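**Q** So the chains spell out like this:
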Amino acid sequence: MGVTTEPESSRIVAISPDDGSAIDLRNPALAAVLSWAVPGLGQLYQGRTTKGSLFMAAILTTFVLGLWLGGGKVVYASWKPGDTRWAFVCQAGAGLVALPAVVQSAQLLGPARQPLLLNGFMAPPLAPGQYVSRSYADRLARHDPDIGPDDFFDKPPLKQFRRDQLAQWHRQLGKFFEIGTLYTMLAGMLNLLVVYDAWAGPLGLSEDEKKRRAAESAAAALPAPPESAS
Amino acid sequence: MVATTALTVMTVMAVSPWLVQAPLLASLAGRVPGIFFGLPLVALASLIFAATHHEDPAQIRLATVHWTVWLGGMLGMVLAVVLLLGWLQ
Chain A
3 MGVTTEPESS RIVAISPDDG SAIDLRNPAL AAVLSWAVPG LGQLYQGRTT
53 KGSLFMAAIL TTFVLGLWLG GGKVVYASWK PGDTRWAFVC QAGAGLVALP
103 AVVQSAQLLG PARQPLLLNG FMAPPLAPGQ YVSRSYADRL ARHDPDIGPD
153 DFFDKPPLKQ FRRDQLAQWH RQLGKFFEIG TLYTMLAGML NLLVVYDAWA
203 GPLGLSEDEK KRRAAESAAA ALPAPPESAS
Chain W
2 MVATTALTVM TVMAVSPWLV QAPLLASLAG RVPGIFFGLP LVALASLIFA
52 ATHHEDPAQI RLATVHWTVW LGGMLGMVLA VVLLLGWLQ
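Top to bottom, those sequences are chains A and W. For what it's worth, our numbering labels the leading residue of the first sequence as 3, then goes sequentially. For what it's worth, our numbering labels the leading residue of the second sequence as 2, then goes sequentially.
I should point out that these hints are in silico values taken from the structure, not numbers from a laboratory. Every value quoted in this text rests on a predicted model; they were computed, and no experiment measured them. All the pointers check out, no bait thrown in.
Computed, partial: chain A to chain W, Cβ under 10 Å:
| hint | residue |
| --- | --- |
| 1 | Ile25 |
| 2 | Thr52 |
| 3 | Leu56 |
| 4 | Phe57 |
| 5 | Ala60 |
| 6 | Thr63 |
| 7 | Glu180 |
| 8 | Ile181 |
| 9 | Leu184 |
| 10 | Tyr185 |
| 11 | Gly206 |
Glycine is no exception: its CB is placed at the ideal position from the N, C-alpha and C atoms.
Please put together the full structure from these sequences, using the hints given.
**A** This is how it looks when you write it as structure tokens:
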């Protein structure tokens, strides 16, 4: 890896470890932000289409696959006591695809007491005693086969949930809750490498650089020459 | 650029709920032993590692194979040790 600024054009370039050619990084900060927002988009912006497409396909496929394996319930943001979702910190690395979780969580815990997308996609699970809007409670009772009207206390103008939805999800999904979480987390974490690649170019060392470092290590390992008598 | 971003995000968001409700795929996944779900992750990690260390597609392919063998081998050894310890107990 090597990043340099060409003086005549002020372009920021990285040196390819494979053939030593220059890679135009254009605006590295913008490329990094784009790669975080949509995996591979920063590389596409830099004209590195093969790598950009590869990153986009690999990371988004893994994220969606994980979401599917986890029944669409494994990506959610929650900072409630007893259900702090640390996995979301890694999942957020995948960029905008994880953003609905933040919106849903803010809406459900905010004054509206209901998620923005009313089917509850990426909304955090309801905790015992949690207040929700009447329309969201009715919708859950109608559409979620595991929730009935009796699962809510009527507390006008809201309704109070009386069960533990997270425990219910674990019972329902079994091992797939963890597998789906792992897939989405790994997609998010690997996207950080993609972001770094957009920002600073490939991480690999060229053959010349490897030889130079090996020579330096060998020189450092040699015993120091004896001090000459004065 | 904005259109590509919007299209990608909208496609992912549109496909995800459909996949969640695909019963045939779900029943197929249910029959696969849990350990096999780790194999695509080894391949994915190898691919991303290789692609972030090289620029040339041929080198990326070679490095992907190298990382898959290395990572798979290491995890395989850990699994073997765990199984051996379980058998000895």
